[in-house]
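Novice: So the sequence lines, in the order shown, correspond to chains A and B.
The opening position of the first sequence corresponds to residue 1 in the working numbering, with each subsequent residue numbered one higher.
The opening position of the second sequence corresponds to residue 1 in the working numbering, with each subsequent residue numbered one higher.
Simulated from the structure, these hints should not be mistaken for laboratory data.
Careful: at least some of the hints might be erroneous.
When the alpha-carbon atoms are kept at most 20 Å apart in a straight line, the in silico EDC-like pairs for lysine to aspartate or glutamate are as follows [as the list claims (entries may be wrong)]:
1) B/Lys-226 / B/Glu-197
2) A/Lys-12 / B/Glu-262
3) B/Lys-65 / B/Glu-220
4) A/Lys-36 / B/Asp-217
5) A/Lys-12 / B/Glu-266
6) B/Lys-228 / A/Glu-81
7) B/Lys-65 / A/Glu-71
8) A/Lys-11 / B/Glu-259
9) B/Lys-226 / A/Glu-77
10) A/Lys-11 / A/Asp-25
11) B/Lys-228 / A/Glu-44
12) B/Lys-15 / B/Glu-304
13) A/Lys-36 / A/Asp-25
14) B/Lys-8 / B/Asp-217
15) B/Lys-228 / A/Glu-76
16) B/Lys-227 / A/Asp-75
17) B/Lys-226 / A/Glu-8
18) B/Lys-226 / B/Asp-200
19) B/Lys-267 / A/Glu-8
20) A/Lys-45 / B/Glu-86
21) B/Lys-65 / A/Asp-75
22) A/Lys-45 / B/Glu-266
23) B/Lys-228 / B/Glu-180
24) B/Lys-228 / A/Glu-77
25) A/Lys-11 / B/Glu-180
Please read all numbers here as calculations on a predicted model, not as lab measurements.
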Amino acid sequence: MKTYYNPEDLKKFGNITELQKAMGDKFFDYYAEVFKEGALTAREKSLIALAVAHAIQCPYCIDAYSVDTLEKGCDEEQMMEAVHVAAAIRGGASLVHGTQMMNKIKELSM
Amino acid sequence: MKSLKALKHSLANPKGAFEVLESPIFDRSVSFADYLDSSGLFPLKPTQLEIFQINLGKMCNQVCKHCHVDAGPDRKEIMTRATMAECLRVIRSESSIHTMDLTGGAPEMNPDFRWLVEEIRSSRQDVKIIVRCNLTIILANPRFHDLPDFFKTNRVEVVSSLPYFTASRTDSQRGDGVFEKSIDALLRLNQVGYGMEGSDLVLNLVYNPAGAFLPGDQSELELEFKKKLLDRYGIHFNSLFTITNIPISRFLEYLVRSENYEGYMEKLINAYNPSAAAGVMCRNTLSIGWDGYLYDCDFNQMLEMKVEKGASQHIAEWNTESLLNRSIQINNHCFGCTAGAGSSCGGATA
Numbered sequence: 001m002k003t004y005y006n007p008e009d010l011k012k013f014g015n016i017t018e019l020q021k022a023m024g025d026k027f028f029d030y031y032a033e034v035f036k037e038g039a040l041t042a043r044e045k046s047l048i049a050l051a052v053a054h055a056i057q058c059p060y061c062i063d064a065y066s067v068d069t070l071e072k073g074c075d076e077e078q079m080m081e082a083v084h085v086a087a088a089i090r091g092g093a094s095l096v097h098g099t100q101m102m103n104k105i106k107e108l109s110m
Numbered sequence: 001m002k003s004l005k006a007l008k009h010s011l012a013n014p015k016g017a018f019e020v021l022e023s024p025i026f027d028r029s030v031s032f033a034d035y036l037d038s039s040g041l042f043p044l045k046p047t048q049l050e051i052f053q054i055n056l057g058k059m060c061n062q063v064c065k066h067c068h069v070d071a072g073p074d075r076k077e078i079m080t081r082a083t084m085a086e087c088l089r090v091i092r093s094e095s096s097i098h099t100m101d102l103t104g105g106a107p108e109m110n111p112d113f114r115w116l117v118e119e120i121r122s123s124r125q126d127v128k129i130i131v132r133c134n135l136t137i138i139l140a141n142p143r144f145h146d147l148p149d150f151f152k153t154n155r156v157e158v159v160s161s162l163p164y165f166t167a168s169r170t171d172s173q174r175g176d177g178v179f180e181k182s183i184d185a186l187l188r189l190n191q192v193g194y195g196m197e198g199s200d201l202v203l204n205l206v207y208n209p210a211g212a213f214l215p216g217d218q219s220e221l222e223l224e225f226k227k228k229l230l231d232r233y234g235i236h237f238n239s240l241f242t243i244t245n246i247p248i249s250r251f252l253e254y255l256v257r258s259e260n261y262e263g264y265m266e267k268l269i270n271a272y273n274p275s276a277a278a279g280v281m282c283r284n285t286l287s288i289g290w291d292g293y294l295y296d297c298d299f300n301q302m303l304e305m306k307v308e309k310g311a312s313q314h315i316a317e318w319n320t321e322s323l324l325n326r327s328i329q330i331n332n333h334c335f336g337c338t339a340g341a342g343s344s345c346g347g348a349t350a
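Could you put together the complete structure from these sequences and hints?
Specialist: Below you can see the structure in the form of structure tokens.
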């Protein structure tokens, strides 16, 4: 069955440099720099990445950062809490627009 | 849960394991020897003999899902006192051996375990004695309750597996109720001084992943374990060793059954690290099986890969020179020790 997403394609991520080497290389250098231990630990960054992966609903990123967080010693509870953070922000982002709706209702109502 | 051997599983037999280990990974033929060769390390040679690892038998009170020994209560193979005496003869004459590493199964279940520990200590005051204690054995029977005191009296270093600081992940690998008993046992070890600040009684823990993934950074995980175990249970310990699961025996069976085998091997292969390869434990360790045969490591022992022909293959035929000149036996399971930061019985190597 053909699908838009193929888990095997994740392994080919590095190949994006084939069509634009300079930009691709810069991206991967930047990517590596971002995930290095810094003011945040590599483990904290991995959990953030897992949450963002869910927020942007990227199947490749979800696979990659589920493995990465497991390898960095995160437990299932911590991983699911990270997903809830993503869900809360996404849900909150919808709900907070309710204030705009309420403004409009007020504007149009007697 | 029964051992693979009791179940007559094909992977309980080295032939079955080699068939899997030597099969192509995603259609690509891979050989550990080629990787070693590319690092200038083939044939792999010992550096010196420093660690003497004795497997006292396959009998165990636990049946862990990842166990490379396929140990359990249904395994009856244990080392005799006569074979232990042969080991002692070697230890007394080989001054380069600085560490005696006693493993199993649960080594404490061997009826001559205490005799061996006392004999080692009385014959070599300078040697470090490590016991790989599964923790739950301390609570398994009243006759084991005094093990912490016995360890202390003989200045034994305790190394214990605790795959995680939560019950769910620990029990999923080591069996229901193991986490709770392990915590109890760790507190008992702390009570006699093991792992405590200012004490010279060493208690090290071993982390190995509860699934088809690699261990993370050893120092980061150690910090996390120390914080969680202290905050939640008041437990102290010295160091955490991260160990990669080697694809043999029960862990190999799990990988094959869960269809993770190729993905896991690909991960190990892609993470091949020449520095870790140069520091593999088989270069300064010798592993002695319950029946006295000699192996390059405990994993080779389970695959029945004795040391190279020409070197002494049994403890009763000990010849130091032949062992130091041997080539170390390898197969594709060895990728487990050379991935990323490397892996050994003492944790990361690179």
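Novice: Look at each hint and say if it fits the structure.
Specialist: Here is how each hint holds up against the structure:
no. : hint                  : result
1   : B/Lys-226 / B/Glu-197 : holds (13 Å)
2   : A/Lys-12 / B/Glu-262  : holds (17 Å)
3   : B/Lys-65 / B/Glu-220  : violated (25 Å)
4   : A/Lys-36 / B/Asp-217  : holds (12 Å)
5   : A/Lys-12 / B/Glu-266  : holds (14 Å)
6   : B/Lys-228 / A/Glu-81  : holds (17 Å)
7   : B/Lys-65 / A/Glu-71   : holds (19 Å)
8   : A/Lys-11 / B/Glu-259  : holds (18 Å)
9   : B/Lys-226 / A/Glu-77  : holds (18 Å)
10  : A/Lys-11 / A/Asp-25   : holds (16 Å)
11  : B/Lys-228 / A/Glu-44  : holds (16 Å)
12  : B/Lys-15 / B/Glu-304  : holds (10 Å)
13  : A/Lys-36 / A/Asp-25   : holds (17 Å)
14  : B/Lys-8 / B/Asp-217   : violated (37 Å)
15  : B/Lys-228 / A/Glu-76  : holds (15 Å)
16  : B/Lys-227 / A/Asp-75  : holds (14 Å)
17  : B/Lys-226 / A/Glu-8   : violated (37 Å)
18  : B/Lys-226 / B/Asp-200 : holds (18 Å)
19  : B/Lys-267 / A/Glu-8   : holds (13 Å)
20  : A/Lys-45 / B/Glu-86   : violated (53 Å)
21  : B/Lys-65 / A/Asp-75   : holds (19 Å)
22  : A/Lys-45 / B/Glu-266  : violated (25 Å)
23  : B/Lys-228 / B/Glu-180 : holds (15 Å)
24  : B/Lys-228 / A/Glu-77  : holds (14 Å)
25  : A/Lys-11 / B/Glu-180  : violated (40 Å)
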